[in-house]
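If you're matching them up, the sequences are chains A and B in order.
Each residue of the first sequence is one higher than the last, beginning at -3 in my numbering.
Each residue of the second sequence is one higher than the last, beginning at -3 in my numbering.
Please note: incorrect hints may appear among the correct ones.
It does not matter which identical chain is used: a pair holds within one copy or between any two.
[Stated by the list, open to error] Keeping only pairs whose Cα atoms sit at most 27 Å apart, straight-line, the calculated DSSO-like set for lysine-lysine is: (1) 169 x 193; (2) 329 x 37; (3) 37 x 193; (4) 193 x 81; (5) 162 x 1; (6) 1 x 329; (7) 1 x 46; (8) 193 x 286; (9) 286 x 46; (10) 193 x 1; (11) 193 x 162; (12) 293 x 81; (13) 81 x 46; (14) 293 x 193; (15) 162 x 293.
No lab work stands behind these hints, which were simulated from the structure alone.
Here is what each chain is made of, one letter per residue.
Number of protein chains: 2
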Amino acid sequence: MGCNKAHATLATEVLLSADLRGVDSHGVARLSGYVRLWEAKRINANPNIKVIYETPSTAVVDGDAGLGLVVAPFAMQVAIEKAQKVGTGWVSVKNSNHFGIAGYHAMMALEHEMIGMAMTNASALVAPTFSVERMLGTNPIAVAIPANNEPAFVADFATTTASNGKLEILQRKNQEAPAGWVQDLEGNSTTNANALKSGGAMLPLGGDREHGSHKGYALGSIVDIFSAVLSGASYGPWAPPFPAYVPMPENMPGEGLGHFLGAMRVDAFRPASEFTENMDNWIRRFRSAKPADGYEKILIPGDPEREMESIRQQEGIPLFVSVVEDLRAVADKFGIRFM
Amino acid sequence: MGCNKAHATLATEVLLSADLRGVDSHGVARLSGYVRLWEAKRINANPNIKVIYETPSTAVVDGDAGLGLVVAPFAMQVAIEKAQKVGTGWVSVKNSNHFGIAGYHAMMALEHEMIGMAMTNASALVAPTFSVERMLGTNPIAVAIPANNEPAFVADFATTTASNGKLEILQRKNQEAPAGWVQDLEGNSTTNANALKSGGAMLPLGGDREHGSHKGYALGSIVDIFSAVLSGASYGPWAPPFPAYVPMPENMPGEGLGHFLGAMRVDAFRPASEFTENMDNWIRRFRSAKPADGYEKILIPGDPEREMESIRQQEGIPLFVSVVEDLRAVADKFGIRFM
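Using the sequences and the hints given, assemble the complete structure.
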């Protein structure tokens, strides 16, 4: 696509980290989608990513329509540098694109003994509570918290009942979705995993009002506002769609997709060793909580992804045949020899 | 109890704001509970609340075992002052007690054209996904975001399917709880609203794994860690219980309850008027989203509480007879004439 070597390497690393961690929907399976956005001139392969507004603890970054995969790490680096100076750093990003796996960006903070946060808005697929209109993306939140001897706490989740990736798996397998994941055109809960193709919508975490969907709707809204209203990106139903064949919304109120990245030095609150030793204690206590019948142990956020990463580092990353064909087509397009 | 006049006035204001906003479980109905904690010497009526650690954008506050109702506004004020200087302020609090309604503290930021955040850990009532042990409180999150002509966006919610206050209403009325709110001693979902009295637990937002309870569990954990591990308060199952008759946990790893307060100047990201005008646009667009059949309009977080406040400012605050009797007993105890 013409990315410089550093950008191409970084984007590859972000995509591969998703595949390694078992988040297949955000790994190389998406590569052809990014290429199509570039072909549609919605992604700029050689962006001039820069800070356009700042205070000692904050900044706004203009991604210059670059790959979110490189814009977000740039912004996270700015957040980390601000945290080094004044304790915390908070960066809102406009004019970006899909940033891949949120956890990658949040985890950049860990090696600096900082807590990292990453969130992003996304194409509107989710209906607010009581609505039949798609107004929000699956707007994920990732929070990475360092420990001492224990592995870090890494939460990374969509603010919907289930991620779009999990829904796509059911669509591919022609299986039904659990109640509470999607609704149909009229706003009734449905088990039809393909309901979005006929005007349905994904549901905010909680599923329905009685089970707290207004909380998932609030969380998704906060992500949208921090990522896009703070920065000047396009928000809510105007967020640019990921599929290049979907026309851009009319009257967009801002530029491109938005992200929000944060870094907090743990020693901005108490000596780092005190914090990380208490995190070890926290993690061990939760891991030893009494399991329900049929379960062996309680998981700490990040455990499943870390276990998957250690397996895939040994055994490699399995790919669907359709993804391999997709990658082969990309290789052919650019005249690259396919392995 | 011997609070100075400023503290007594502030604590009253925080409690009344909950009653005005319709969050009856966090208003004057709790007054006798605070008094019992003071009688048990778990609340210090004359605390020396102070900053014990800080950087330009962060601080840790020691609440000196004071009422959370006065400790949290002190800490929020510190966050606001830091935000005035460096763009954002983040304060973790230890050695505090129940802080009342989270939204009050977050909303303190609004008059400064800042985004406010407030969270707290709480007595362990919630079982992590796959567990039968109570490890977390209902750990609420409040986020207040200023707009221009529209009223502010104010989200304020427990990270459980339903708040403990809503569960208590069902207990009082002897009604069943919806599935997904609580589980029994063995970890099975139950509609018995009193399941906690026989070893059950509340459930994280999502309800079960298939509906994303691991996300609610992660959110509650993040609140616990930001509030208590960052500050040196007592976390997880060691959080001090609100009922004074429940013995304090053994081997507490920190001091008292913890909170986390944050303030971000909106003009630390873009000119304030640009931000608030885009928030107006955000709010209007969401309010006009297409409603499902049977619903008139889409709510913005904070709408129901604001509408309730405007009714109760006119018509007064209705109280259960049991709450009136409770208040009368408190008045008698202190020799205050009851109205």
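A quick look at each hint next to the structure:
| no. | hint | in the structure |
| --- | --- | --- |
| 1 | 169 x 193 | within (16 Å within a copy, 43 Å between copies) |
| 2 | 329 x 37 | within (16 Å within a copy, 74 Å between copies) |
| 3 | 37 x 193 | within (26 Å within a copy, 61 Å between copies) |
| 4 | 193 x 81 | neither (49 Å within a copy, 50 Å between copies) |
| 5 | 162 x 1 | neither (32 Å within a copy, 56 Å between copies) |
| 6 | 1 x 329 | within (19 Å within a copy, 75 Å between copies) |
| 7 | 1 x 46 | within (19 Å within a copy, 51 Å between copies) |
| 8 | 193 x 286 | between (42 Å within a copy, 18 Å between copies) |
| 9 | 286 x 46 | neither (49 Å within a copy, 38 Å between copies) |
| 10 | 193 x 1 | neither (38 Å within a copy, 62 Å between copies) |
| 11 | 193 x 162 | within (16 Å within a copy, 37 Å between copies) |
| 12 | 293 x 81 | neither (40 Å within a copy, 46 Å between copies) |
| 13 | 81 x 46 | both (19 Å within a copy, 24 Å between copies) |
| 14 | 293 x 193 | between (39 Å within a copy, 25 Å between copies) |
| 15 | 162 x 293 | within (23 Å within a copy, 30 Å between copies) |
Taken one by one, the earlier hints fail for this structure at numbers 4, 5, 9, 10, 12, listed in ascending order.
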